[in-house]
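Taken in order, these protein sequences are the chains called A and B. Counting from 1, position 895 in the first sequence corresponds to residue 894 in numbering that gives the first Met the number 0; the numbering is continuous, with no gaps. Counting from 1, position 10 in the second sequence corresponds to residue 9 in numbering that gives the first Met the number 0; the numbering is continuous, with no gaps.
No lab work stands behind these hints: they were computed from the structure. Careful: at least some of the hints might be erroneous.
[Unchecked claim] Pairs of lysine-lysine residues, derived as BS3-like cross-links and limited to a Cα-Cα distance of at most 30 Å, are as follows:
{"no.": "1", "chain 1": "B", "residue 1": "K200", "chain 2": "A", "residue 2": "K140"}
{"no.": "2", "chain 1": "B", "residue 1": "K208", "chain 2": "A", "residue 2": "K351"}
{"no.": "3", "chain 1": "B", "residue 1": "K206", "chain 2": "A", "residue 2": "K257"}
{"no.": "4", "chain 1": "B", "residue 1": "K226", "chain 2": "A", "residue 2": "K865"}
{"no.": "5", "chain 1": "A", "residue 1": "K387", "chain 2": "A", "residue 2": "K10"}
{"no.": "6", "chain 1": "A", "residue 1": "K47", "chain 2": "A", "residue 2": "K78"}
{"no.": "7", "chain 1": "A", "residue 1": "K391", "chain 2": "B", "residue 2": "K442"}
{"no.": "8", "chain 1": "A", "residue 1": "K251", "chain 2": "A", "residue 2": "K225"}
{"no.": "9", "chain 1": "A", "residue 1": "K313", "chain 2": "B", "residue 2": "K215"}
{"no.": "10", "chain 1": "A", "residue 1": "K240", "chain 2": "B", "residue 2": "K134"}
{"no.": "11", "chain 1": "B", "residue 1": "K200", "chain 2": "A", "residue 2": "K810"}
{"no.": "12", "chain 1": "A", "residue 1": "K313", "chain 2": "B", "residue 2": "K258"}
{"no.": "13", "chain 1": "B", "residue 1": "K226", "chain 2": "A", "residue 2": "K677"}
{"no.": "14", "chain 1": "B", "residue 1": "K134", "chain 2": "A", "residue 2": "K421"}
{"no.": "15", "chain 1": "A", "residue 1": "K294", "chain 2": "B", "residue 2": "K136"}
{"no.": "16", "chain 1": "B", "residue 1": "K206", "chain 2": "A", "residue 2": "K313"}
{"no.": "17", "chain 1": "B", "residue 1": "K200", "chain 2": "A", "residue 2": "K391"}
{"no.": "18", "chain 1": "A", "residue 1": "K508", "chain 2": "A", "residue 2": "K351"}
{"no.": "19", "chain 1": "A", "residue 1": "K866", "chain 2": "B", "residue 2": "K226"}
{"no.": "20", "chain 1": "A", "residue 1": "K865", "chain 2": "B", "residue 2": "K208"}
{"no.": "21", "chain 1": "A", "residue 1": "K387", "chain 2": "A", "residue 2": "K892"}
{"no.": "22", "chain 1": "B", "residue 1": "K353", "chain 2": "B", "residue 2": "K392"}
{"no.": "23", "chain 1": "A", "residue 1": "K387", "chain 2": "B", "residue 2": "K206"}
{"no.": "24", "chain 1": "B", "residue 1": "K206", "chain 2": "A", "residue 2": "K873"}
{"no.": "25", "chain 1": "A", "residue 1": "K362", "chain 2": "B", "residue 2": "K134"}
[Said to hold, decoys possible] If you want the footprint, here are the derived chain B segments under chain A, 3+ residues with CB under 8 Å:
{"no.": "26", "region": "108 to 122"}
{"no.": "27", "region": "133 to 140"}
{"no.": "28", "region": "432 to 438"}
Here the structure is a predicted model, which means the values were calculated and not measured. Just so you know, even glycine gets a beta-carbon here, dropped at the ideal spot from N, CA and C.
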Amino acid sequence: MLINEFKTIVKKKKDVLPFLKKLTAKEKRELVPFLKQILSDRRKLVRKKILGVPYGYELLYSDAQLFIVETACFICYNKTDARSLFSRHNMMVSQYVIKEILPWYVPKWYDAFINEETPWVLRYDELLDIYHKGYITTLSKSLVVDKLARVIIDFNDKREVLVYTPEILWKHKITLDTHFWYFFQEESLLHDYKHYWASIYEGEKKDLWIETILNLIKDNRIDRKKLIEAIILSGSLQFEKALSNWFLNLLKKIAPEKEELLTLQDALFVGLNSIDPTIVQSNLRYVKLIASEPKFNRSDFIEYVSILLSSETKTVVSDTLIILERIAKIETKFHVIICEKATEALLHADEKVQIKAAKIIRKYGDVSDKKFQYIVQSHTNNLFNESKGLLKEYLDNSTAKPICIKEESTKEVIDFFTEDNKLSVYETVDDLIFLVQQAFHNNDIHYVDLVMHAVPKLTILINDENSIKFVPIVKRFLENVIFIGGTDIGSVDFAVLFYLYDFGKFLEKKYPLTFQDAIKEKEQRIKELLKRKASDDEFVYYSDYKGLFKDLEEQSVTHSVCKIHLELLKKSKEYIQSGCTIPLLSLPTHLPFWITPQVLIDRIVLYYEQKIEINIYDFQIAIGRLPIQENSKGILEEIERIQNVELKAVFKYHFDLEKIQNSHITKPAFWLQSVISKNNKEDSIYFETKILKQSMFTIEKLPKFTDISILKNNTLGIPCIYNELYFSDYFYEKGGFPYINTELIAVMPNNPTVFLSNAIEISLQESTFSNESTNMYIVSSLQLLHEIWHRYNYKETTYLFVSIGMLCSNKTAREIAAEIWIKGVSNDIMNTTLVGTYLGKLQYDTYAPMKRFTDIIEMQLLHISKKHDVQLFKLLSIMIRDMHDTPLRGGKKLLELFLELKRSFPTIPIDTGMREKLMIWKETKSLQSVINKLLKN
Amino acid sequence: MATNTLNYQYNALSSLQNTNGQENLLLSKFNEVHKGNSPCFFWGKLNNPYELSRCLITLSNIVQSSFNLSPFQLGLLKDPIVTAGNNQIRFEGFSHCAGVYARVDVLENGQDGEFIENGTTNVDFNTPLISELGKIKKNDDLILSVGKKEVGFHKEGESFIERKVPLPTKWIKGLTTVQHYFSESDYALTLSRIQALQLFKSIPSGKVKTDYFLIKRGSKYMFSPLKAKNAVCIGGIHRLKLVQPLIPLINELKIYPQKDMQSVTFILCFNELNLVFSVSRDFWRGFSGEGAALEALIEDLPDSLVKAFDNYSFTNQEFNPTLLSFEAGIDISKIDKLATKLSAMGLLGYDLDKNGFFYRRLPFKLERILSLNPRLKGAEKLLEENKVNITSKKDNEIEARVEGSGVQHYVILKGETQKCTCTWFSRNQGERGVCKHILAVKKMAKSL
């Protein structure tokens, strides 16, 4: 009955209000499902007909009919339904609702709805209207500020222009008495009106709200002091950055007087705790204005000093020290506490800050106070020379030994093989189960090596009884392979999954009874998959599933750089099938990728004893993992065990026991890695010109930044791992690039330079990395380089990469590059000249902001030990020498740091090239002072 | 669903008001579990108002922070909880992502007041209150009231503030797990304020994805991206910036890494006031998903014993293993297991500084806490459905087959090692607690 009546109203588009007015609460509820049904059909199309003949489509309900339905919804819906329908709907605050409905019916949820939804079309005066009429009983602060912020502009429909309407602000008493102050308590868009002034007043550049507020003050419509206090206190509310900056700007325009500031000290001090340095800086500026006034609350301010002096913002620290000095000048009773606080500024690795603090301590501190003396001395290691000079009286009696300069760091011995870095050995079937099941989840860079070795070795332990344990794993191999297309796993992982899938197939074949059910299930699964079409969601990579189930040998691996691993996996698969348990030669014994000479020789001996052919890739990787320095006393005896004469000679050459020129070389492929590992120019030329005689490569196939001449001279006519890398595809393709440097560096830890080429190329394009993959790629490459860094005579490009690392945008990368330098210097395996040269060359054309490098010096490189400081002195001399004649921004800081080192080593002369550069740079006024000091020293 | 919503009903807004030159901090409370009758837990003076205010502001920043959630999820409000008892007041909370835990401990001499009743409760932390806390100065008189002392002030039973928030499941799970990690953490070192300031200066800017390690170079401590032997490892190091503003105010900083580096805890020590700050293994991992306490929950304890313990500890406000062992007649060797289980049930907290548990019953229903462990429920279901088959049991070695979805999983427990062939285990390698299959096998093994 009720519904029919409503249907008629809708159909005939009659006035719905008389019908709605008479509804009881129960009837309203009854109507709701019907209303919902209509609304769900609102986009439904029906055939249009003329004279009974269909000719097109139209919507089931017209706009007028839907309006009737929505009006009914407003009356009948509960809060949840209303929210889903009317959210962002203009109807809620339309004149129709306000004038025709609300006078006789206000839904219970209307108040909350308006306050929570803050409807955009509702204007401030309309809001007050519905509030005053009692349609809503609360006005939330967020609602008020949202509406009030827009109140001072209006759009004149007739003239089609914006008009400035500040008069609304004083139209209602409540506005300036209460609502206006909500702006300082609740986040708003006050700052978003800065362009309107220009639109209204033809290009005048003023902020509309700032001008309005200044006028309100001028006309005495608001209390100036109350306003200043409200602005200052708003700083502790952590508003959005743009808004809080706008408030600071407003305060600046208001320009509080000293007297006003003195009455608002508490509010100013509260802001000093803010986590926003801009607010702290602003408040401190005002505090500085009143710091010398008698009414300034000095003791309260001093409470905040520790927080201020630990700020990362230099101005905050400097201003605090200035205020402290002003207080110290006026009141002697604060000298002790001020000096104690000033010591906290000595923590900053900034010479100017330290000097300011040191001057306060020197002037007002009590040198006879033992406790205070100890506090100052505890900073000794952190002090710049000039600060030390200022605090000499405190430091002369120092019991604390400044580690930075006096300590001579001793050379550490790099031990490649310890118990700590020994790789675990897999011995049992259980070990195998839990190793192979991690195919998707093990991020260990040795995983592929371990799997290739452990699977053939342990497969022979599998029998009818324990094979059942592999059923869930083999099942997962299938799922992994199916899932493979939708993942972004690296290409090496890709190959491993195919390998393991084949291992599963091997087990199924060997233990048909155990896998009986699993095989059936698998066949069914594959059958279903093969029926699927390419549009299925999980089907991303492959054009059909057939390809996925092929054998490893038939798989095409996406990136040819993984071919080396693919080759080894194939070899390992052969071992599984033939029951060969002999390990691959290249299996590392110690982290990160090293192999002990004894173990490698054992393996080679075994290969010869069992008459197993050595895979040349396997051998090349293995010998690339043999540290060239490991020529201990017994090594010759070990080498003598090798049956093959030429291999024996290779090992002797590798360990500097024989010259390549005296060796009889029939298989250059055996020798190649040792020649590259040793990195000896004479040997390289000999090997290149006398041994390698045919050319198979074109120059495009070689990496751009490789300074290994053997590879550049296109003479590799022998089988070798580098043939499989297809550098032309890998290093020059910019898109879809596989960031797998770590796996490649693992192939040749003795001399990884060739594998850094791509990272160098990417970094040289832009020192600021824009995407996360590049960041991770550079960081992981540097991390690994740090781990394997063990010799002085790396190729130049390796040093270029370290230098790039020190300047790039990623702070972690910069820190690691700095650590490589520190490790190298500690062990006398760092060519500082090359690092300095590259840094100079890179900065010649402002490769990166100088601050990145000077920050690293201050935080990490300076004053580690005397040895490090001497090397840093050298590095900076060379770097500055090689930089452009026009000094860079940040060059002053670089020179100041160099001056700090020069003061530590006054007897070391400045390099002539650098001296010449300094004379040119001296033309720049801002550098004159520091250069004069340098040249004087 | 009703079970997924927690309905906070505060009788008033928490507030800080100045009366007669005295700052009165009222923390309005709400507890899902009613124990005792008094509307007020504590009323009295706090001795370090400035430091405490800064700590509470930091705690508020922590509970509002998130390191892996969307802005929508961030919008959900979380209130910290307060425990008053044993002459201490503890405020604790989690970040939204449950990867950062913080607890402010007001120690015995840090307050001078009356513990009207002992207990734990949610407290309302609203923005104006936090803003007012920012105004507290060193010499201010600060009176704290956890719950209203004057009952007549508001109408009985009527709630002034009602806030429905999705049940902070992550919090509740995290609160139990973090105690477990604490009990497995060892003291590593103490830094002076100067050393701590130097250390915190070395935190890199921005969101950091790589692990950092706490190392010492010369006399200076710093965070380095390179792994060093025995160095404390911190994942998501940018989270430490939450407490950086407090470092200039501390007396010293103590550091406690968990034994497997699954979390690191920093204790910021002030005068008679500590802020315990703990970060999970990585910024994208919450304590809630770690499942470290799961094994403790499979310990079978009779309900009567748990109840007896609860009543005993509620009265005494402490967890004294020796006394409990004596009074309840439990073998002292079992008390450790009991403590772990009870902390996993939300009945005990762990005090790293004192190296022992303390009684702190979470203000959530016990069944709610226990229902939040799907792996535990999964394990129980496996047992109910007879899907666990122990195939071999030797001295220190158990092998079992557990029926999974269309596949038999193989579980091996050998000394300290426990492994399973399921995907969960394969992915996490036991770092985030054991899988349901191992749990089920362990539970069954206990009954054999």
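Exercise. Taking each numbered hint in turn, which are not upheld by the structure, reported in ascending numerical order?
Worked result: Those not satisfied are hints 1, 2, 3, 5, 6, 7, 12, 14, 18, 20, 22, 23, 24, 25, 26, 28.
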